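Assemble the complex: chain A is given as a structure, and chain B must be docked to it using the hints.
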Amino acid sequence: MGILIHVESKQRGAGPGAPAEPALEARGVTRRFRLGLGLRANDALRGIDLEVPRGATLGLVGPNGSGKSTLVRLLAGVDRPTSGTLRVLDAEPRSRAARQRSAYLPEDSPFPGELSATAALDLLGALSGLARKDARARGAALLERVGLGAAQRAPLRAYSRGMLRRFGLAQAFLAAPEVVLLDEPTAGLDALGFAVLDDLLGAASARGATVVLASHILSDVHAHCDHLAVLVAGRVAATGPPATLLATDGRVRLDIDGLDEAGLAALDAWLAPRGARVTARLPGGKGLTELYRGAASAPAAQAPR
Amino acid sequence: MRPDIDPRGACLLALLEARRAAPLGLLALLFAATLTAARFGGAAQLEPALAGLVALDRGPGVAAAAARASAATLGLALGALMLVPHAAGLATRWRHGDGDWLGARPVGPLGALAASLLGIALAACAVVTVVLGATGLCAATQGATSGDAAEGSQASARALVWRAGPSGHVLLHAGESFVHRLPDVALPVGAALRVRLQNTVEGAPYGDAELRVVDDNHAPLSAPTRARIVRRTYAEVPLSATGAPHARGSLKTSGSPPPERDATPTARGGLDVVVTALGPGAIAVLGPRPIELWGPPRAPWRADLALAGRALALLIAAAGLAAGFGAWVAAPLATLGVAALALAFAALTPEAAALAATWLPGSGLGAALDVAAEGRLPAGAPPGQGVGAALSVAAGLALARAALRSWRHAA
Numbered sequence: 001m002g003i004l005i006h007v008e009s010k011q012r013g014a015g016p017g018a019p020a021e022p023a024l025e026a027r028g029v030t031r032r033f034r035l036g037l038g039l040r041a042n043d044a045l046r047g048i049d050l051e052v053p054r055g056a057t058l059g060l061v062g063p064n065g066s067g068k069s070t071l072v073r074l075l076a077g078v079d080r081p082t083s084g085t086l087r088v089l090d091a092e093p094r095s096r097a098a099r100q101r102s103a104y105l106p107e108d109s110p111f112p113g114e115l116s117a118t119a120a121l122d123l124l125g126a127l128s129g130l131a132r133k134d135a136r137a138r139g140a141a142l143l144e145r146v147g148l149g150a151a152q153r154a155p156l157r158a159y160s161r162g163m164l165r166r167f168g169l170a171q172a173f174l175a176a177p178e179v180v181l182l183d184e185p186t187a188g189l190d191a192l193g194f195a196v197l198d199d200l201l202g203a204a205s206a207r208g209a210t211v212v213l214a215s216h217i218l219s220d221v222h223a224h225c226d227h228l229a230v231l232v233a234g235r236v237a238a239t240g241p242p243a244t245l246l247a248t249d250g251r252v253r254l255d256i257d258g259l260d261e262a263g264l265a266a267l268d269a270w271l272a273p274r275g276a277r278v279t280a281r282l283p284g285g286k287g288l289t290e291l292y293r294g295a296a297s298a299p300a301a302q303a304p305r
Numbered sequence: 306m307r308p309d310i311d312p313r314g315a316c317l318l319a320l321l322e323a324r325r326a327a328p329l330g331l332l333a334l335l336f337a338a339t340l341t342a343a344r345f346g347g348a349a350q351l352e353p354a355l356a357g358l359v360a361l362d363r364g365p366g367v368a369a370a371a372a373r374a375s376a377a378t379l380g381l382a383l384g385a386l387m388l389v390p391h392a393a394g395l396a397t398r399w400r401h402g403d404g405d406w407l408g409a410r411p412v413g414p415l416g417a418l419a420a421s422l423l424g425i426a427l428a429a430c431a432v433v434t435v436v437l438g439a440t441g442l443c444a445a446t447q448g449a450t451s452g453d454a455a456e457g458s459q460a461s462a463r464a465l466v467w468r469a470g471p472s473g474h475v476l477l478h479a480g481e482s483f484v485h486r487l488p489d490v491a492l493p494v495g496a497a498l499r500v501r502l503q504n505t506v507e508g509a510p511y512g513d514a515e516l517r518v519v520d521d522n523h524a525p526l527s528a529p530t531r532a533r534i535v536r537r538t539y540a541e542v543p544l545s546a547t548g549a550p551h552a553r554g555s556l557k558t559s560g561s562p563p564p565e566r567d568a569t570p571t572a573r574g575g576l577d578v579v580v581t582a583l584g585p586g587a588i589a590v591l592g593p594r595p596i597e598l599w600g601p602p603r604a605p606w607r608a609d610l611a612l613a614g615r616a617l618a619l620l621i622a623a624a625g626l627a628a629g630f631g632a633w634v635a636a637p638l639a640t641l642g643v644a645a646l647a648l649a650f651a652a653l654t655p656e657a658a659a660l661a662a663t664w665l666p667g668s669g670l671g672a673a674l675d676v677a678a679e680g681r682l683p684a685g686a687p688p689g690q691g692v693g694a695a696l697s698v699a700a701g702l703a704l705a706r707a708a709l710r711s712w713r714h715a716a
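Sequence order for the protein chains is A and B.
Residue numbering for the first sequence follows this note's numbering, starting at 1 and increasing by one per position.
Residue numbering for the second sequence follows this note's numbering, starting at 306 and increasing by one per position.
Bound-form chain A, shown alone:
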């Protein structure tokens, strides 16, 4: 029997099983790319049926080339399906109504490198219909929140990949969207960046936003999701809550605090008569996030170079 222990007990939005109005809906969606002067075709999506209730967080996982980014682009309205129907907040994804209420973090961070982070957020805010004052205030706050406050005047082309990713998160959350579509949000992020993502996703969930996280690394996203969809070769291979999809028969994962070597030995002794054993033991303690934060707050780190 599979057992999963949820350490977190945070209340999320309604899950896919809950009777809620869908924020995102896909019916028989296909996307075919023509290659080589149209002589060859690549079916990136082969009939996707999906429904994501409002307030839910969906993890879209799958190997490279499984169609995750294509599906997210279709939902963001920057591409059109070859066939099938898509609805975002009960509107066609390419409609102004849908795009006004949704936000998208593209996979490759193709933001205008000529502009500073502040100017780029100003532009993107203006294109989203935000007033100048609002865009500047929200932009400045978001840049601080994602840790780019000190680099907000630098041109984006001078940013590292991780910094661009953080900027991408800032622009996605700029207009407080009802639907957030994040394509590989963790790519290039360091441990502090993961913490930033946690923070932003937590806030989005708290205000009832619907979030789609696409990633090929399950561990990067599943902690945030209350539903997973596994894409393989352009098809949905499996869907369900992480608790169901990720459970493995006969294996329990515990995170125990305050147990010394003697206690661990006692645990082993208790397990043995029951036919069980500890298969992996990782040292607890500081994670990279704590290490980075500790180093950043140390006096040496703040000394001028």
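Treat the hints with caution; some may be incorrect.
Chain B regions said to be covered by chain A (calculated; three or more residues, Cβ under 8 Å) [what the hints assert, rightly or not]: (1) 321 to 334; (2) 374 to 388.
Partial list, derived from the structure: chain B residues whose beta carbon lies under 7 Å from chain A [what the hints assert, rightly or not]: (3) Asp311; (4) Gly314; (5) Leu317; (6) Arg344; (7) Arg398; (8) Gly402; (9) Gly404; (10) Ser711; (11) Trp712.
Quick look at which bits of chain A chain B covers, simulated, 3 or more residues with Cβ under 8 Å [said to hold, decoys possible]: (12) 71 to 83; (13) 98 to 104; (14) 120 to 131.
Since the hints were derived computationally from the structure, they do not count as laboratory data.
All values reported here derive from a predicted model rather than from experimental measurement.
We put the CB at the ideal spot given by N, CA and C, even for glycine.
Structure of chain B alone, referenced to chain A:
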């Protein structure tokens, strides 16, 4: 088709596109290249083409103006090389990157395209300003106006008022005359009339010509002027406006298209322009519209507008079309297409060129530069060229809009 974009967003997007189309570094390079060409090139190529009784300007001021005009031609060509391929790559950039952040916003492709083309038009303004600023071309012609006039060259103190005459060439053998009647023209005080001539090298290395202007009563409006034509040049006579009779009549005569400009008249009347080949060689009156009236400039800034307006119209129209073509074919192919179109228009027959001159963007730019190269002030650009440029941009927008059904690559 209604642009679907917030005005502030459109302005910021236009500014971004302008920065991309004409980055400050490239503008600085363009300025340096044009300035260098204006300072060190071109003047040596100026050689007297007329060795006769007509004293055309060949002073140092005019030589410098010629160098500046050549540099301006170079600068504008470099500017076109900068802007047109950039515009041609607009759709490609959207499909392979920009569309991801642009297309996810509540912005329609039409509005975004219009804003981007506005940015490219701003970049074209920057290019033209940099080129004309680096050459100092207009300032130089205006300087030549006073400087050369002080040296006794009154022709330099004049600006082109209009062109007229047959649309094709007229060949004159020794003893033959060409008469062109202008039934009702305004003659500003201090005007001069020029006719473009060329020695045809039929049996002689040069040909002498006599140019006369007479009024309706065959009274001379100027003393007959004799010129020796070695290659291609202008014969010019100063006109006496006070001697013109005040006859009224229609301008519609056979082979006489209406003058393209009118100036503040000080006298009106009909006149005949008579060119007589004196031999030994034959000469040609070079169409289209080989007869030019030059008068004192009313506002020197109009000369700036004449060059800048034509150059801007040309660059903006080319960029607009390139953006449209680039949405359907690869950017280099779209750039070549625009270049081919420009060449096709440049190779228009004289009749077609005369018809298109008022609305074809950039039409007459070469002639205006030639005029500036002589240290004179070119005539203003016809407003129709602005309309032509706007129509070209609209065509480009429509082409691009039709192709950009998706912000991503539509493969």
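Quick rundown of the hints versus the structure:
no. : hint       : in the structure
1   : 321 to 334 : holds (count 4)
2   : 374 to 388 : violated (count 0)
3   : Asp311     : 5 Å, holds
4   : Gly314     : 4 Å, holds
5   : Leu317     : 4 Å, holds
6   : Arg344     : 32 Å, violated
7   : Arg398     : 9 Å, violated
8   : Gly402     : 4 Å, holds
9   : Gly404     : 6 Å, holds
10  : Ser711     : 5 Å, holds
11  : Trp712     : 4 Å, holds
12  : 71 to 83   : holds (count 6)
13  : 98 to 104  : holds (count 5)
14  : 120 to 131 : holds (count 7)
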